[in-house]
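Q: Under this note's numbering, the first residue of the sequence shown is numbered 12, with each subsequent residue one higher.
Incorrect hints may have been included.
As the list claims (entries may be wrong) - Cβ-Cβ distance ranges computed for the label pairs, FRET-style:
hint	residue 1	residue 2	range
1	72	40	37 to 45 Å
2	112	72	37 to 45 Å
3	40	94	28 to 36 Å
4	43	98	29 to 37 Å
5	16	86	17 to 25 Å
Simulated from the structure, these hints should not be mistaken for lab results. Using N, Cα and C, we set each Cβ at its ideal position, and we do this for glycine too.
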Amino acid sequence: MKKAAIVVFGWLVPGGAYLLMRRYGQFAFFASAVSAAVIAGVALQGGSGWPRPEDLAGLDGFTALLFQAGAAARFLAGAPFLAASAIHDAGGFLSSRLHEYGSVLLIMAGVMNVLGVSSALDQREG
């Protein structure tokens with residue numbers, strides 16, 4: 012199977028790269044960990060949108076870049092994040108006091124998903 016197909020399927024379905032490799036235990040772990048982080052992040056009202064210019068007003072360039080990188084990292088969680096952001100309207104980038112905890116969980120979900128894909132690719136080559 013081609014690397015690109017494994018990467019795309021692994022991004023879209025958390026742990027999907029392991030599913031294609033028939034490693035069902037690792038698939039179950041990554042699928043449940045990423046999905047649980049997305050669900051907890053949405054429950055804590057984590058911001059699921061891209062920061063608007065008014066959200067970034069008054070920030071220096073580096074801080075604005077960090078906010079945008081965090082928004083991009085959430086997107087890496089794949090289908091659970093896409094489904095949650097389609098269903099749940101968080102009301103903008105900064106919507107509540109709990110948004111920080113929820114946003115960190117959503118970013119963690121994206122990072123875990125990327126680690127799962129890279130680990131599966133490493134195991135495939137090794």
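Q: Are the hints correct? Go through all of them and say.
A: Evaluated hints:
Range check, residue 72 to residue 40: about 39 Å between beta-carbon atoms, so the 37 to 45 Å window is met. In this structure, residue 112 and residue 72 break the distance hint of 37 to 45 Å, their C-beta atoms being roughly 26 Å apart. A hinted range of 28 to 36 Å is violated for the C-beta pair residue 40 and residue 94, which are about 20 Å apart. As the Cβ distance of residue 43 to residue 98 is approximately 19 Å, the hint placing it in 29 to 37 Å is violated.
In this structure the hint that residue 16 and residue 86 lie 17 to 25 Å apart at CB holds, the actual value being about 20 Å.
In summary, the numbered hints that this structure violates are 2, 3 and 4.
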